[in-house]
Amino acid sequence: MSSPLATALIDYLGALLLFTMIVILGSSQLYRTIYAVAAQSAFLAAAAAVLAIATRNLDLWVIAGITIVVKAVLLPWLLIGVVRRIGVKREIEPVVPTLLTLAIAAGTVVLSFQLAASLGAVRQTVTGNALPVGVALTLLGVLVMASRKTALAQMVGLFACENGIFFTAIAVSQGMPLIIEIGVLLDVVLGALVMGIFVLRVRSSVDADIADLSRLRA
Amino acid sequence: MPGAEAVLPALAQAALLVLLGPLVSGVIQKLKARLQCRAGASVAQPYRDLAKLLRKGTVQSDTASAFYRAIPPLVLAAVVCAAAMVPVVVLPAAGGFTLGDAILLVGLLALARFLTALGALDAGGAFGGMGASREMTVAPLVEPVLLLVVFSVATAAGTTDLGLIAARRASDPAVWHSPDLLALAAMLVLLLAETGRIPVDNPDTHLELTMIHEGMLLEQSGPGLAAMALASHTKQLVMMAVVGALFFPIGLAPRPEPLLLVPAALAFLGKTAVLALFVGLVESSYAKLRFFRLPQFLGMGFLCAFLALALRVL
Chain X
129 MSSPLATALI DYLGALLLFT MIVILGSSQL YRTIYAVAAQ SAFLAAAAAV
179 LAIATRNLDL WVIAGITIVV KAVLLPWLLI GVVRRIGVKR EIEPVVPTLL
229 TLAIAAGTVV LSFQLAASLG AVRQTVTGNA LPVGVALTLL GVLVMASRKT
279 ALAQMVGLFA CENGIFFTAI AVSQGMPLII EIGVLLDVVL GALVMGIFVL
329 RVRSSVDADI ADLSRLRA
Chain C
572 MPGAEAVLPA LAQAALLVLL GPLVSGVIQK LKARLQCRAG ASVAQPYRDL
622 AKLLRKGTVQ SDTASAFYRA IPPLVLAAVV CAAAMVPVVV LPAAGGFTLG
672 DAILLVGLLA LARFLTALGA LDAGGAFGGM GASREMTVAP LVEPVLLLVV
722 FSVATAAGTT DLGLIAARRA SDPAVWHSPD LLALAAMLVL LLAETGRIPV
772 DNPDTHLELT MIHEGMLLEQ SGPGLAAMAL ASHTKQLVMM AVVGALFFPI
822 GLAPRPEPLL LVPAALAFLG KTAVLALFVG LVESSYAKLR FFRLPQFLGM
872 GFLCAFLALA LRVL
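Residue numbers (the numbering used here), protein chains in the order written: chain X, 129 to 346; chain C, 572 to 885.
The following block holds chain X by itself, in its conformation from the complex (with noise of 0.2 Å):
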């Protein structure tokens, strides 16, 4: 594959990755964020594959593959059981309002398309617009992770943050080492699980909510 076309292709992944962070971020139903960061994870696979194919790179064959199976398919079922689970609102209560979330990522995305411009030599030729939108996808993670009451809504954002991670690795460097890649999904995943048994754990023993847990009493 030529290269400015891989670029083109990384561009236009980036460009539908910022679009399902934005869905992310506006929506208020807990389903469709999970679907988005599934359909983002998705995306990311096919960034992968993308520059599989410009570099030859065999590992980020095998990268996009554990994309696909466990952050687009595995995550986002295990999520939605959880929801089932215990029976959760839906509907997502946010500790800003969301508009103002939406102006924060705003600033936010020209921010780190600032930081990067910052950056001229790290820019690589094959990767295109690849870092800053990969530094804002990892931002924007943090905020919905920042802006969420539940644990669950939370979760995607830490997804959503791993994919920008994620992207910006494999956009910059062209792969990450495949141990360290998949050192780092293990954790991802170990993280859910936790996370996924405590929200569980939670709800059955004390009924709370992650926000109502501000406060230590004796």
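Note that these hints are calculated values from the structure, not bench results.
Among these hints, one or two may not hold up.
[Unchecked claim] Covered stretches of chain C (chain X as the covering partner; in silico rule of three or more C-beta atoms under 8 Å from a C-beta of chain X): (1) 752-758; (2) 859-867; (3) 870-881.
C-beta: ideal position from N, C-alpha, C; glycine also.
Position chain C relative to chain X; hints supplied.
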């Protein structure tokens, strides 16, 4: 001053948009009916409604001022003028349309919106006032989105003239960059908002507390109502044509010759059918948003448009 050969195609295209506007509404209605397992009215029903309204007399509220009667023709005129800015089947000659650019189009649509709200307030009905107030709440969220999308595309094409934008993008397929994806997403949100479709407004309800656009038309009757309805049908098709001109300028005829016009017209019908299908599917599968949730939905469109511009400029 542009010559007749520059103005005539623009006027012919505006006439085409006005004539086909009700048909698109009819097709969307039919599609929705079929999706709900109803037979539905014929696709020509909007035309019949217009013909019926034109035969009726006008009933006017006692409190309405003399300006009230002038409002429907003015709204229709503003929308028809906006329709003349959009390339539908023919690309402009080398010098561009010179009738007006995308910013004038946004301004004319804003003028139509303002006049509609003014008429609703003038009649003095409670529903009209509520509809006008809501329309004016939605407007500042909708208009900047269209402007941002236009700026994002215009930055790439180097002009704000819709005809020239379409011509540049049609001649060079590589102009489709990644920001266009986000701009298109914003434009689709905008299409639903500007045409008063379901997540934003419900075109089927009358006398409900949720309505926006229909609420403003409650006090209109007879030919005046026909003009307002025709204006909203036309506005819908104008927005669809703007989407086509900005993002899919394929198949536009470079010169007004019959042999080139036929495929161009077919391409236009195809694009419009796809957008009508999109609107019909969204209308059938989503519930109307609560009014205070609207800023959130439109804010997503705004952010998409903003990022489309940011990706292009930064």
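Hint check results:
By the rule of at least three residues with a Cβ nearer than 8 Å to a Cβ of chain X, the coverage given for the segment 752-758 of chain C holds, with 3 such residues. Under the rule that three or more residues need a Cβ within less than 8 Å of chain X, the assignment of the segment 859-867 of chain C holds, with 3 such residues. Only when three residues or more bring their CB closer than 8 Å to a CB of chain X does the claim for the segment 870-881 of chain C stand; here the count is 8, and the claim holds.
The earlier numbered hints are all upheld by this structure, with none contradicted.
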